[in-house]
Amino acid sequence: MLQTAQRGKKSSSKKAAPKAAVHERFLEAFRWMLLSRTLEEKLVSLYRGGQITGGVYIGKGQEAVSVACGLFLQKGDIFAPLIRDQAGRSAFGEPLLDVLRTYLGSRQGPMRGRDGNIHRGKPGEAQLAMISHLGAMISVVVGSLMAKRFHGEKNFVGLSCIGEGGMQTGSFHEGMNIAAVEQVPLVIVATNNHYAYSTPNDREFACTDLVDRAKGYGFEGYSIDGTDLTMCLEVIGSAVQRARAGRPPQLVVASALRLSGHGEHDDASYVTDEIKRQPFAQDCLKLAEKKIVDLGLADAATLKSWKEDAAKQVDEAVAIAQQEPAPDGAKEDWSAISTRELLDQSE
Amino acid sequence: MSITYLEAIREAQAKLLREDKRVFIYGQDVGGTFGGAFKATKGLAKEFPNRVLNTPISEDAIVGTAIGAALQGMRPIVEMQFADFSSIALNQILNQAGTHYWRTNIPVPITVRLPSGGTKGSGPFHSQSMESLYAHYPGLIVMTPATVEDAYTMLIDAIAIDDPVIYCEHKYLYYHLKADKLPDKGFPVGRARIAREGRDLTIVAYSALVHDALAVAEELSRENFEIEVVDLRTVKPLDTDTVLASVARTGRLLAVGESFPWGGATAEVVARVTSEGFHLLDAAPVRINAKDTPIPYHPNLWSAHRPSAKLIAQKARALLKE
Chain A
11 MLQTAQRGKK SSSKKAAPKA AVHERFLEAF RWMLLSRTLE EKLVSLYRGG
61 QITGGVYIGK GQEAVSVACG LFLQKGDIFA PLIRDQAGRS AFGEPLLDVL
111 RTYLGSRQGP MRGRDGNIHR GKPGEAQLAM ISHLGAMISV VVGSLMAKRF
161 HGEKNFVGLS CIGEGGMQTG SFHEGMNIAA VEQVPLVIVA TNNHYAYSTP
211 NDREFACTDL VDRAKGYGFE GYSIDGTDLT MCLEVIGSAV QRARAGRPPQ
261 LVVASALRLS GHGEHDDASY VTDEIKRQPF AQDCLKLAEK KIVDLGLADA
311 ATLKSWKEDA AKQVDEAVAI AQQEPAPDGA KEDWSAISTR ELLDQSE
Chain B
14 MSITYLEAIR EAQAKLLRED KRVFIYGQDV GGTFGGAFKA TKGLAKEFPN
64 RVLNTPISED AIVGTAIGAA LQGMRPIVEM QFADFSSIAL NQILNQAGTH
114 YWRTNIPVPI TVRLPSGGTK GSGPFHSQSM ESLYAHYPGL IVMTPATVED
164 AYTMLIDAIA IDDPVIYCEH KYLYYHLKAD KLPDKGFPVG RARIAREGRD
214 LTIVAYSALV HDALAVAEEL SRENFEIEVV DLRTVKPLDT DTVLASVART
264 GRLLAVGESF PWGGATAEVV ARVTSEGFHL LDAAPVRINA KDTPIPYHPN
314 LWSAHRPSAK LIAQKARALL KE
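Sequences listed follow chains A and B, in order.
When we follow the numbering used here, the leftmost residue of the first sequence carries the number 11, and every step to the right adds one.
When we follow the numbering used here, the leftmost residue of the second sequence carries the number 14, and every step to the right adds one.
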């Protein structure tokens, strides 16, 4: 397997002493974040080198929140990641090859060149494929969870991510409300990264704190510092647990700064120096690494080997995906429905 | 015994709920003792209280929820209270359901019922016919049943189809149209039906206007014209072969639809016949649609806005003289 970072085994972490288990989970999360950062740096470089068409959208600065979104989900759960969730996708189990194949347009990828970048997913394996229209995935997760309830399944949750930008759509509102009406085991993790593309918070919403909306929807709400991996793991982890245990839907609102443009075409020159000096503007990955060093959770040689390992995995995936065939318009199966006998014969 | 178009829709849903555990009905006011604004689900919640579910007024989330359930093996039926309100759900229908199979190779088997078309006094927001809009986008099947039998069998077919189906049921036909009994087996989906045979002119119609076209054919038969009426049944896929075969017999085409005039189902019929069967035509094809304004409230205006039997007859006579 390409991915050497492994999901922590529940049994072993349960047996370990609580503090050791917490540290173990922290290190595991750190490694997914590291893998995500390494991968996204490679994507940026491929984009700048003209090898990726369309756009590259990265989650730099939001990995701590994202990884916590993927890490606590189990088989049978539903995950609907959004634009800046590489860390969470990887922690959930998305192979690096899926990412590279999608960005490079390989026919062997999950989207086969038909859709790109962050719109990838494997709905058959519980990872939904987001559409660009923000807020639209929430009700889709609600329906997936209702279906599981119809089937008599137990012990499942759904988790979807969004930003403060997406929280201002009508679709978000309808989705949140219907989730609470249906009382499905849902966790919504919203990262306020302080910009909707270039628009700052004061032109996005006028409430004091976005988490206050939880009460209005009938959700339980929590605020977290999105740069603090420990807090992200603790609060998002317990929100997942609470949803699984039958509590009302959960909303977690994290504060962070997008440490990149909206996409790599965007130099983010609109981000003010004042914002960059705020505590939420810190790099969660650097903070997590500092904590590892300060607490002596891993030595320098180990950290170095993890970084090398991440780079090696990414390079291997790039090398494979680059050699795979691109789609061919002349050979494509131009059918938007699966029922072949009902294809319209328009030309 | 006689059964109406509306009762056929209700009976189809009752049968589906009884025979297929994957089916549930989701929409505004469909549940409880109410049974929907038009009573298309009347009594169903009593028999299936957990599978006929009222929703908030959230068309986007209603369809999004149905999509999610369909991805997990259910076969949801969404009732829009009026077709007009499905505009709020366009994003979920067009961008989520309509793109899903193409993007991920996994189809989305939802059926969205749209109470469509004009009834007098309903005005701009409770009268729309949206089949042309949905047919324009990839990834959807658009049904427009014109008969009690089709209303019944096509709804059952819709649930069996793995792809998203937009099922346009005409509100005018709900109570006006009756049949003696429901069929066991329907005409295949995707095939148009020759509703009346003729040799002088082909009128292609769908949904409620099939009946206006048939009335015109009857009227013109007294003037010794034999009009062939083709009922499209589904506007997407559009059964071009049946239409062309009819035009080959008659040499004249009049396409009639209730949606707005710019583009749409009738334009598609005319375009296909013109490009694929130009040599079959003895006269330039003609089409009739609603007017290019919002749908008016007052009956005097409404009856002039919508294609009528009178207008169809007038256009047909002119075309027969060409």
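Hints may be right or wrong, so weigh each one.
Residues of chain A clear of chain B, computed beta-carbon distances all greater than 12 Å [to be verified]:
no. : residue
1   : Glu38
2   : Tyr57
3   : Arg122
4   : Arg124
5   : Asp125
6   : Gly134
7   : Glu163
8   : Glu184
9   : Gly185
10  : Glu192
11  : Glu214
12  : Ser233
13  : Gln251
14  : Val281
15  : Pro289
16  : Asp354
Coverage of chain A stretches by chain B, computed from C-beta distances (three or more under 8 Å per stretch; other residues unrestricted) [stated by the list, open to error]:
no. : region
17  : 155-162
18  : 298-304
19  : 340-352
Simulated from the structure, these hints should not be mistaken for laboratory data.
Positions of the beta carbon are idealized from the N, C-alpha and C atoms, including for glycine.
| request: Compare the structure with the hints numbered earlier in the document and write down the numbers of the violated ones, lowest to highest. | output: 3, 4, 5, 6, 7, 8, 9, 10, 16, 18
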